[in-house]
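The task is simple: from the sequences and hints, build the whole structure.
Number of protein chains: 2
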Amino acid sequence: MTEQNRRPSRRAGAGRKARTEKRLAGGIAQAIWPGMQGGQYRPLSDTDMKRIHDGALEILVTTGIGEPLPELLDIVLPLGCSMNEYGRLCFPKVMIEDIIAGAAREYTVYARGSRQGQGDIYCNGNRVYFSNSGSAVTTFDSDNKRYRASTMLDMYDFTRLVDRLDNIHMCGDTVVGTDVPNDYEHDMSMVYALLAGTEKPLCLSFRSRGNIGPAMELFDFASGGEGAFLKKPSVIFGGCPIVSPLRFGRENLEVMIDAARLGLVSDIAVAPQSGATAPATLAGTLAQVVAETLSCLAIVNLIRPGCPVTFATWPFITDLRTGSFSGGSGEQAVLAAAAIQMGNYYDLPNSVGAGMTDAKIPDAQYGYEKGLTIGLAALSGANRVCEVGGMMGSLMGCSFESMVIDNEAVGMIQRVVRGIEVSDETLSIETIHHCAVDPGHFLGNPQTLNVMESEYVYPELMDRSPSAQWEAEGSQDLFERSKKVSREILCDHYPNYFGRQADVAIRERFPIKISSDDMRPDNGRWRA
Amino acid sequence: MTEQNRRPSRRAGAGRKARTEKRLAGGIAQAIWPGMQGGQYRPLSDTDMKRIHDGALEILVTTGIGEPLPELLDIVLPLGCSMNEYGRLCFPKVMIEDIIAGAAREYTVYARGSRQGQGDIYCNGNRVYFSNSGSAVTTFDSDNKRYRASTMLDMYDFTRLVDRLDNIHMCGDTVVGTDVPNDYEHDMSMVYALLAGTEKPLCLSFRSRGNIGPAMELFDFASGGEGAFLKKPSVIFGGCPIVSPLRFGRENLEVMIDAARLGLVSDIAVAPQSGATAPATLAGTLAQVVAETLSCLAIVNLIRPGCPVTFATWPFITDLRTGSFSGGSGEQAVLAAAAIQMGNYYDLPNSVGAGMTDAKIPDAQYGYEKGLTIGLAALSGANRVCEVGGMMGSLMGCSFESMVIDNEAVGMIQRVVRGIEVSDETLSIETIHHCAVDPGHFLGNPQTLNVMESEYVYPELMDRSPSAQWEAEGSQDLFERSKKVSREILCDHYPNYFGRQADVAIRERFPIKISSDDMRPDNGRWRA
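Chains F and G, in that order, are what the protein sequence lines are.
Reminder that position 130 of the first sequence reads as 130 in our numbering, one-by-one numbering, no gaps.
Reminder that position 304 of the second sequence reads as 304 in our numbering, one-by-one numbering, no gaps.
Bear in mind the hints are in silico, worked out from the structure with no lab data behind them.
These figures come from a predicted structure and were not determined experimentally.
Hints should not be assumed to be uniformly reliable.
[Unchecked claim] Here are the computed lysine-lysine pairs in the DSBU-like style, where the Cα-Cα straight-line distance is at most 35 Å: (1) K145/F x K145/G; (2) K484/G x K484/F; (3) K93/F x K145/F; (4) K145/G x K483/F; (5) K483/G x K483/F; (6) K145/F x K483/G; (7) K513/F x K484/F; (8) K513/G x K145/G; (9) K484/G x K145/F; (10) K513/F x K483/F; (11) K513/G x K483/G; (12) K484/F x K483/G; (13) K484/G x K483/F; (14) K145/G x K484/F; (15) K232/F x K513/F; (16) K50/G x K50/F.
[Unchecked claim] Residues from chain G shown here face chain F by an in silico Cβ test under 7 Å; the list is partial: (17) G55; (18) S205; (19) G393; (20) V416; (21) L427.
Just so it is clear, CB atoms sit at the ideal spot from N, CA and C, and this is done for glycine as well.
Laid out in C-alpha cells, this is it:
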C-alpha cells in the first residue's frame, strides 16, 4: 500500500475539541461502557463442559478436600458431607448439584460517593468488568528498569492512579506493603489506602479473620456511618481457601466462613498450577479447579444458603522446563477462558486472572501476552477480569506505566467485546449506494460524523502517527509515553475520599502506615 | 503471591537436550501444527450473518460495480449480468446464490523440494495458516529506529528469514522493491526473490497481466521443468480487483481474469476502509466488502465455473480524527474476525489481513494490537491470516526483528487455537486422586513428562526468567532480543533453491535485480 492510498487528505471536519464539546452536551453515545456482554469466544464444546463437570463431581465424591478444620466439619458433616478413608472431606453428587441450582446467580458491588449508581458493578450473566489486583511484592522502577520492594505508600499511589483510569472498573490490592510486616497494621493500612484513594468498587484479601471486624469499621467510615456498609457493600474480599491440590488453607478458609456468616460475597480465588499443583494436561487442571471451586461454593451455601460466591477458577500454567509459574502463555489464555466458560455453564458470578505477563518491562512480549490473555478472558464472558492493571513479571511486580497502558488497551478490548450491531440502519445500504453512484467520499457523509463517537474508540497513548512524524518526535515507544502520562496523574491527583474529619478519627483509632504528608500534592515524591 | 509459592524448586528432571533428543527420536507429539481448526470465536450471530448476506446481495442487484472493462462485459453480460442506469455492472440474486453454491470449497498451495507434503497448505473449512505479506514501501532500520525505502534485496532477506521461521507457513511479498521502478523487472525479481529464498507455499501480486506469462516460466524453473508448476501450483497470486467503494481496478481485474483462464487460484484482497471508502458503521463496511468480494467470486466462476477464489474480505478501519488508515484497533480486530465468519458462512476458502499494527517499533502497543488482531483472526477460523510477519506502522513498514517476534507469537496463538482436548485420559481423575492423597507433586508424576511436549509450547524469545535474572542480564526488552536472533539467521542462511545451474539460465533470460554477490554468506551485509 502507498502512503497516498491510506492517508486521505480530506479530514472529517470535526476536531477533538468539537467532539468533546458535543460529548459533554450529552448528545453522543459512547463506544464502550462497563459491563458489556461477553461470551463470543467458546473454547469448550457443550460435551466438553459436561465431561469436566462430571469429572469434578467425581473428584469431590471420591478424593475430597484434605485438611478440613474442625469448625468446618461441625457445620458440614451434619448436612450430608462425609469423611473418606484418607481423612478428606467429600461431597455427594446430589448435594453439589442442588447447591449449584440454588446458588446466588449474581451480586452487585457498589461504588461510593459521586460514582454511586454509574460506577456499581453487576456480576451476572456474561457482563464483563476489569479489575486490577495481584498482591505484587515488587514495584517497577521505570527509570532504572529494576524492581524494588513494594510499599504501603505504593498501594495508595496505585489506587489514586486507578481512580483516574476509566476502563479499570474495580480496584484491588495491586501490591503488598512489604514495609508493614504486622498483619493487622498491614490489612488496616491496605483498606485505608483503597478507601482513601478511590470510590470505585473494591476487592481485597485479609491476612486473617481477625482483621475483618476492624475493617468493617473502616468500611462504615467510608460509606457514611455505622451500619452503612452492609446496606450497600462496596468492598468484597476473599483469598485462596484452597491449597492445590485439593487441600484447605486455614486462614483464607476462616475468612470465607466469616464472610458467609456475615452474608457478604465470598470473593475467593482458586489457583492450581498445571503440572505442579494440578495435572499437566489442561483438561485435568480444569477438572481439578472446578472441583476445588465447587467445594467452596458448597461450604458457603451450607453455611448460608444463597450467599453469593465468586466462581473464581483461576488455573495457572507451569513452564515445565523450570517448574516456574508462567502467566502469559497461549496455554494460560485458553485455560482461563475455558474456566470462565465453566462459570457461565453454571450461570454463577465469576472471575479469573488475566494479564499476568511474564515480561519484565512493557514491551512486545508484554503486549502479546496481555492482549491474548485479557482479550480472551473478556470475550469468554468473565464478570471480572482481574490482575489486569499494571502486573508484570509473572505477578511478581506492578508498574505505574503498565497501569495506564493496560487501561487504554482494555478500551480496545471492550470495543471488541461490544461486537458489531447489525440493523437496517447500520447496514447502510442506501448510504453505500449514494456514495458509490455519486462518487463522494464517506468521510463527508453525515452518517460518518453521526457515528464517529459511538462506533469508535480513540486512543490517546497508542500511536497512530505517520512514521516520519514518529521519527521527528524522537522514535518513542509506548513505554516512554506511558511514563509521562502516569506521572502527570501521580503528580496531580491526591484524593482522600474519607474527608479530613473522618481521616483524623481513623488515624486515632487505627495504625495507618501511610503518612498524611505523603498524601499532599506538594509532597515532592513525584515529578512529571 | 510470593516468589516461593510460584517457583517450586523441584524440576521436571528433563533438560532441553533430553527433550530435543526424544523429539528427534520421533516419540513425541508436537503441541502445535499448521492448519489447526479455528472457529471458536464468533462475533456475529446466525441472524447477523443472514442480514449481512441479504444486504450484500441487494447492493449487487441495485448498486452494482462501477467501471467494468469491456472485455469483462463481453463475458458476463451474456451470462445474466446487466448494466444499471448508472453504467454499473449488476448481478442477479439467484446468480450469486448459485455461484456460491457451486464455488470451489478448497484449494491447496504446494510446497516445493524437501518441504513437499508436510509444507503444503490446505485452504478449506476452518483450517488456520499464517502468512507474511504487506508490500511495505519502507523497512525498519532497528539500529537507528528509522524507516528507509525498501529494496529488492530486502525481499530476498525477508524471504530467507521466513524460510527459517516455523510458524509462518506461507511466504508473501512483504516489501516492495522501491529501487526497481520498472514493473517487469520488479515483478520478475520479486518472483525470483521468493522462489530462491524459500520452498514454502507462496503468494504475491503482479503489477500487470503481462508479467504472468514470464513468471510462469520462473515458476516452472522452481518446480522442476516445463509444465511442472501447473501440476502442483506452489504460488497463488492476485491483488485488489476492486477499488472501494464498488468500482473495478483495471490492472488487478485483468490479472484475475487471466488467472481464472489458466484455472489458477484467484488470490484477491478486497480492502474497503470504514468511514473513508466504506460506511463508518462496521456493519455497513461488512455488507459492502462482502458484496465486493462476491462480485469477484462471481466473475471468476462465470469465466471458469469451480475455479478457486479466495474469499478475501479485508475490511480496514479509518481513524476518523485524521482520515488515516489504522490497522491495530479493537474495531479492526472484531471487523476482520466478522469478515472471516462470513467466509466460513459461505464455506469458501478465505483470508484476511491481521497484525497490521500502527506502532512504529516492537513495543507494548505493537504486542497488544498484533495479539488481538492476529489472535482473533485465527480463532475465527481464517484459512490464511495474512500480513502477520513483520508489518509495522499501519502497513507502511516491515521489520526483520518484528518477523521473528511474530513467528514466536503465532506459536502462542496456535496453542490457543488448538484448544483443550477433553477425554478420560486428559481429565486425569486418577492422577489427581493419587497426587492429592499421597502428597506428591505433579512435577514428578510420569504423566507430566509424557505430555510436556505435546501440551505446551516453549518460547525461545519470550522471557520467563525471574526479575533478578532479567536485571542481571541487562534489563533487555523483546525488541533487543529479537535483533540478535534475526541477525543470527540473516548472517547464516543464504539459500538459493533454484540451484546454481538454473540460476545461471534464469539470469540470462530475466532481468533479476538481486546480485549473486549479495546472496553469498560472506557478503558482509549483516553482522550478528
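* **Numbers of the earlier hints that this structure fails to satisfy, in rising order** => 3, 18
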